[in-house]
Amino acid sequence: MQAHLDIYSKHSKSMWAGGLAGVGLMAGVDEIIFHQVLAWHHFYDLSTTEIGLLSDGLLHAAELVALVAGFFMLLDLKRQHALLKKSAWAGFFLGAGGFQLFDGIVNHKVLRIHQIRYVENILPYDIAWNVAAVLLLAIGLIIMRHAKRDLHIKSVANQN
Amino acid sequence: MEHHHTDIFALADWIPLLLTLTVGIIYSFGHIRLLQKHIRWNAWRTLSFLAGILMLGMALYPDFMLWAHHDIRGHMMQHILVGMLGPTFLVLGAPLTLGFKTLPKATSRKITSVLKSNIFYVVSHPLTALMLNIGGMFVLYLTPLYVESLSSPYLHHLIHLHFLLAGYLFAWSIIGPDPAPRRPDFQYRMIIMFFAIAAHAFLSKYMYANLLPLNSPFSNEQIQEAAKLMYYWGDFSELILLFGLCYLWYKKRGSLPSGKMAVH
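Each protein sequence line maps, in turn, to chains S and L.
For the record, in the first sequence the residue sitting at position 109 is 109 according to the working numbering, with numbers rising by one throughout.
Throughout, the working numbering is defined as the position within the second sequence, counted from one, plus 160.
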């Protein structure tokens, strides 16, 4: 019974650590590629409200914390031989896709912190952005199903 | 035309730099003394401390100070070096620990009693340090204080001193390797770190958007460049603190008895 509990908690801890790293890495990619390299996103655009700036700051802090904390949680799980690779990858893709979708819907459209690119017809960019997010989420869900199947096999094997 | 007083103030301009270098030399003597007594000391600590001294030295070099005085971008770089990056590397040098190993026992005991005092606990608490540090920045850039400091050299030096001490205190309260009785736990320090990053990111974008500080003699482009420097370099230096904090957590978990390490 003990082994059964252990493997499920290894799974959820691996997923969480991978998820945090995924959120942080996606945010970092956004910051480096779209802000710095392509310079499509603006550092600040005139439509951003003070509430927008405040939420931008809080979100930014959460991204940095997620990236670093996720990285060290993965290291810690690895040290304890408790890192389930498939679960961690599932979490990673779910985190990355979740962040991308949140950025695409809440930041770009609801809070209007910034747009993807400053062009006349933004719709194709918004669609591409959010479709990419859904794809990442789908990959995460598929890996998670595989990880859960492995988990079931292992826990049955442990009980016998 | 007020900057042509260089002859009179030539010596005074070098004082901050000389003081900084003196601290670096004292620390180096401490390291040498430990070597002579065959006491183990991590050389990375010394390197880190001297790197911090180098950063402060750069920012306090008279030509750099002059640039900082004439251009808000220079001011911002100076602020980042004096108030954020420099202190972080100084803290990682664990100067107090070095002091404990080299100073006479009686002096060490006195320092320990200060560290254990209630006043020191309140002052060095991460929340206090955050307020002094980030709060100080809000006051400097959102009130006329910054413009005031441009025409008053003493106020200017005082502000530098404040940011150096507040930056040191903050870095120390988050990742200080020196012994600290009653240091708040990891989660608490992580929450403080989170708000520090958020407040810093917000303030720099707010300054960019509203062209703050107001009434300064600098162009809009200069102010916006300075706000960007503040945002990105601030991030970099906070990332170092975050890494340090998480590393301490990782190390501490590694040293727990194996029963506690097990996943439950």
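Worth flagging that the hints you see were computed from the coordinates, not collected in a lab.
Don't take every hint at face value.
Unchecked claim - Within a straight-line C-alpha distance of at most 30 Å, the following computed DSS-like cross-link-like pairs (lysine-lysine) qualify:
hint, chain 1, residue 1, chain 2, residue 2
1, S, 78, L, 276
2, L, 388, L, 265
3, S, 86, S, 154
4, S, 85, L, 270
5, S, 10, S, 148
6, L, 265, S, 86
7, L, 276, L, 388
8, L, 388, S, 10
9, S, 78, L, 411
10, L, 411, S, 86
11, L, 276, S, 85
12, S, 109, S, 154
13, L, 276, S, 10
14, S, 10, S, 86
15, S, 109, S, 10
16, L, 388, L, 261
17, S, 109, L, 276
Hint by hint, here is what the structure shows:
no. : hint           : result
1   : S/78 to L/276  : violated, 37 Å
2   : L/388 to L/265 : violated, 48 Å
3   : S/86 to S/154  : holds, 13 Å
4   : S/85 to L/270  : violated, 52 Å
5   : S/10 to S/148  : holds, 12 Å
6   : L/265 to S/86  : violated, 55 Å
7   : L/276 to L/388 : violated, 40 Å
8   : L/388 to S/10  : violated, 42 Å
9   : S/78 to L/411  : holds, 14 Å
10  : L/411 to S/86  : holds, 26 Å
11  : L/276 to S/85  : violated, 45 Å
12  : S/109 to S/154 : violated, 44 Å
13  : L/276 to S/10  : violated, 40 Å
14  : S/10 to S/86   : holds, 11 Å
15  : S/109 to S/10  : violated, 37 Å
16  : L/388 to L/261 : violated, 42 Å
17  : S/109 to L/276 : violated, 52 Å
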